[in-house]
Structures are given as C-alpha cells and as structure tokens.
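Student: Sequence:
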Amino acid sequence: MNVDLVLKNCKIVTSKEIIEANIAVDNGKIFEIKKTAHTPKAEETIDLKGKIVLPGAIDPHVHFRDPGKTHKEDFYTGTLSAAFGGVTTVLDMPNNNPDIDSNAALELKRKEIKKKAVVDYGLYAEVHDKNVEKIDKVNAFAYKAYLDEKISYENLQIALNKLKGKIIAVHPEDRKTVEKKEGRPLEAELKAIENIVKCNFNRNKIHFSHCTTKKSLDLIRNCQNSTVEVNIPHLFFDTNYKEELGYFIKMKPPVRTREEREELWKNLDRVDCLSTDHAPHTLEEKELENPPNGIPSIELFLPLLIDYAYRGKLEWIEIARLSSEGAAKTFGLENKGLIEKGKDADLVVVSKDEWKKVKAEELHSKCGWSPYNNWELRGKIEKVFLRGNLIVEIDEFVGKKGAGKELF
32 MNVDLVLKNC KIVTSKEIIE ANIAVDNGKI FEIKKTAHTP KAEETIDLKG
82 KIVLPGAIDP HVHFRDPGKT HKEDFYTGTL SAAFGGVTTV LDMPNNNPDI
132 DSNAALELKR KEIKKKAVVD YGLYAEVHDK NVEKIDKVNA FAYKAYLDEK
182 ISYENLQIAL NKLKGKIIAV HPEDRKTVEK KEGRPLEAEL KAIENIVKCN
232 FNRNKIHFSH CTTKKSLDLI RNCQNSTVEV NIPHLFFDTN YKEELGYFIK
282 MKPPVRTREE REELWKNLDR VDCLSTDHAP HTLEEKELEN PPNGIPSIEL
332 FLPLLIDYAY RGKLEWIEIA RLSSEGAAKT FGLENKGLIE KGKDADLVVV
382 SKDEWKKVKA EELHSKCGWS PYNNWELRGK IEKVFLRGNL IVEIDEFVGK
432 KGAGKELF
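Start counting at 1 in the sequence shown, then tack on 31, and there's your number in our numbering.
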C-alpha cells in the first residue's frame with residue numbers, strides 16, 4: 032500500500048531517547064516508525080538528512096482575545112503565531128468579551144473562531160462565584176478559576192466536587208493579598224497554593240497555572256492528583272530585565288528575582304508542562320501609565336527551547352516532555368504529545384545549527400511588538416506538520432485557514 036508521506040532519516044525526539052528512523056504518515060496519523068530503509072511507498076517522500084524532529088508543541092495556556100478583544104489578537108493571528116512557534120495544539124482561556132462562562136457564550140465563541148484556526152484547539156470555560164452552582168452544565172474542554180479576582184476558595188471547593196473527572200486550572204494568587212499589597216508579591220502565590228491544597232481534600236483533578244518559584248513547587252507536592260505548569264516568560268525574564276523592558280514584561284504573576292528564576296530551571300523535572308500564557312496587548316495599551324498585564328510569547332515557544340538545546344543548557348528529550356508529552360498527559364489528549372504509531376502526525380522539523388535574530392516586525396501576532404526583540408537564537412524551525420499536513424515551511428505559512436480542529 033501507499034501512504035501519504037514518508038520522512039526519511041529523522042532524529043526523532045521522545046521524552047526518553049532520540050531515535051534515528053523514518054516516519055510514515057497516513058490519513059493524518061503516524062502509520063509506522065522504522066529504523067530500516069524499508070518503509071512503505073509514499074505519495075511524497077522527504078529526506079530530512081539527520082535533522083531533529085520534535086512532537087508538535089502543546090500550549091495549554093493562551094489568550095487569543097477572540098471574541099471581543101480582537102484589536103489585540105484574533106484566533107487566526109494567534110494560531111498563525113502558534114504554528115510558526117512549532118505549536119500545533121492550543122488551549123484558549125475564557126476571558127473574552129463576553130466572558131466564556133456558559134454554553135451560550137461557548138457557542139458564540141465557537142462560531143467566531145471555527146473558520147480562523149490553523150492549529151488544533153480546546154476551549155476553557157470560566158468558573159466563578161456567580162456560575163459555580165451550574166458549572167457542571169457548561170460543556171467545555173477544561174475550566175479556569177481566577178482566584179485573584181473571580182472566585183472564593185469556598186466556591187472553588189464546590190466547583191471541584193461538581194466537575195469530578197474534569198480539569199480545573201487555577202490562577203494561584205490570593206485575592207486579599209493582591210488587593211492589599213502592591214506588585215502581586217510572591218506571598219500571594221504561596222498563600223493561594225496553601226489554600227487550594229486545603230480545598231482539594233477530595234483529591235479532585237486540579238492544575239496549577241503559571242507557577243513561578245521552587246517554593247510553589249514544594250507546596251504543590253502536598254496536593255494529590257494535581258499537575259503544574261510553568262510559563263516560558265518566567266523562565267527567560269526576571270526583575271533584572273525591568274530597567275530595560277519595563278511594561279513590556281508586566282504580567283501576572285510578575286517576573287521574579289534572578290535567583291528564583293534560576294531555581295525554577297533547576298527544578299523543571301518536577302514540572303508537568305510548559306506554556307506561554309500568550310496574552311498580547313497593543314503597543315499603545317502597553318505604553319499607558321498603568322498598562323495591562325500580559326505579553327506575547329507563543330511564536331517563540333519552541334525557538335527559545337531549541338536555542339537552549341543547541342547551547343547545551345537543555346536536553347532535547349526534556350523539550351519533548353515539557354512542550355508536548357506533559358501537556359498531553361495532563362489534559363488527556365490521547366492523540367497528541369508523542370511521535371509514535373497511531374498518534375496524530377503533529378511534527379516539527381528543526382534545521383541544523385544556525386542563528387536567527389528575533390525581529391518583532393516579522394512575527395505574526397497582531398500586537399506588533401515583542402519583549403524578545405533582537406534576541407539571537409540558535410536553531411530554526413524548518414517545517415511544521417499538523418496531522419500530516421505541512422503548514423509551515425521555512426518562513427512561509429502553507430496551511431489552510433480554518434483547518435484547525437476543536438478538541439473535546
């Protein structure tokens with residue numbers, strides 16, 4: 032039989048090892064992986080000549096602003112940025128206009144974005160004090176609880192019990208501490224985690240978003256049936272960057288000290304997955320006296336990690352675990368996260384060692400700026416496949432608008 036595609040002479044990265052083999056793809060799935068030269072005949076064969084192949088990254092924490100805030104970003108520009116960053120699956124947060132906190136709001140969002148997505152996606156619904164009693168009737172991929180402003184610990188406990196078997200991601204900053212103290216101190220994060228651990232005495236599934244320090248990881252150890260993510264910006268920025276970048280790195284939770292950032296790197300083996308918390312605002316909004324929190328990052332998700340691999344600071348197998356497999360396990364994405372037979376053929380081909388400078392004007396986010404502007408990165412994404420279809424080749428988008436599928 033003929034298959035759709037064969038990628039020859041790959042260095043396939045898994046979370047355990049790097050395998051030199053060929054990948055056969057058919058009907059959007061990985062048909063087989065063979066170390067020998069005997070692969071099925073294919074409609075198309077590409078010789079990668081020993082290049083690295085990573086599983087498509089999964090970003091479980093993005094804000095694509097659609098509907099309601101599309102002057103900042105929309106689902107097309109957001110997913111396009113994702114594709115160029117090697118991200119083939121995203122989970123989009125619910126803080127839109129209107130808030131995505133009901134089935135009606137979800138359906139509105141689905142209609143708005145369906146024809147725009149160029150990568151696969153799942154949608155969060157928000158759980159808050161006003162909808163907690165009916166949250167189990169809202170049919171979302173996952174649920175988000177903003178403890179810094181929208182939901183009490185008591186109502187979080189109710190939500191956890193109502194949504195057994197579902198995933199609730201929590202924003203771990205204590206509301207009272209945030210309101211009383213300037214700058215969202217680390218104390219707010221630690222206090223929230225302590226209280227969440229107490230709320231989850233029934234051991235329901237809970238996911239801690241954007242934890243920023245080793246101290247947070249130490250506390251989460253006490254919360255059974257929990258998972259934890261770390262954001263890319265918290266790994267690459269710290270308070271030493273504030274003088275240079277100012278509002279360009281204003282986010283919540285905020286960047287921490289250099290020492291805390293270095294400790295986070297040392298403890299990545301305790302982290303389930305990485306995300307970007309891609310949250311763009313216009314340049315004009317970020318230049319206000321009190322600018323909003325959030326920065327764009329998704330187009331640099333894999334490029335930043337690939338750079339660290341070529342510099343010898345991060346193992347390729349750790350990139351595969353943290354950028355793809357970990358999120359697939361955390362969020363139950365059975366067809367994603369691994370390069371193995373039967374999985375979706377979401378693949379990223381990395382060029383050999385070469386340098387590229389980040390230029391904000393060349394990135395695809397609608398916001399038009401980047402805190403990573405002029406960074407020199409080593410290595411480059413050469414090809415991106417979504418379910419076996421080539422969507423990025425070198426610096427060109429060759430996919431189709433609307434080809435991304437919603438995950439349920």
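The hints are simulated quantities; they were obtained by calculation from the structure and are not laboratory data. Glycine included, C-beta positions come from ideal geometry on N, C-alpha and C. Among the hints, erroneous ones may be present.
[To be verified] Here are the simulated lysine to aspartate or glutamate pairs, EDC-like style, with alpha carbons at most 16 Å apart:
#, residue 1, residue 2
1, K195, E164
2, K317, E371
3, K72, D57
4, K411, E424
5, K65, E407
6, K82, E413
7, K66, E48
8, K387, E371
9, K245, E275
10, K100, E315
11, K47, E294
12, K211, E164
13, K197, E213
14, K432, E210
15, K281, E315
16, K42, E63
[Unchecked claim] Across the chosen pairs, the derived CB separations fall in these ranges:
#, residue 1, residue 2, range
17, R301, E437, 28 to 34 Å
18, T67, G277, 24 to 30 Å
19, T67, P323, 51 to 57 Å
Student: So, for every hint listed, does it hold in this structure?
Tutor: Now the hints, each set against the structure:
| no. | hint | verdict |
| --- | --- | --- |
| 1 | K195 with E164 | 14 Å, holds |
| 2 | K317 with E371 | 43 Å, violated |
| 3 | K72 with D57 | 11 Å, holds |
| 4 | K411 with E424 | 11 Å, holds |
| 5 | K65 with E407 | 36 Å, violated |
| 6 | K82 with E413 | 10 Å, holds |
| 7 | K66 with E48 | 14 Å, holds |
| 8 | K387 with E371 | 30 Å, violated |
| 9 | K245 with E275 | 26 Å, violated |
| 10 | K100 with E315 | 14 Å, holds |
| 11 | K47 with E294 | 24 Å, violated |
| 12 | K211 with E164 | 29 Å, violated |
| 13 | K197 with E213 | 34 Å, violated |
| 14 | K432 with E210 | 42 Å, violated |
| 15 | K281 with E315 | 14 Å, holds |
| 16 | K42 with E63 | 15 Å, holds |
| 17 | R301 with E437: 28 to 34 Å | 31 Å, holds |
| 18 | T67 with G277: 24 to 30 Å | 56 Å, violated |
| 19 | T67 with P323: 51 to 57 Å | 55 Å, holds |
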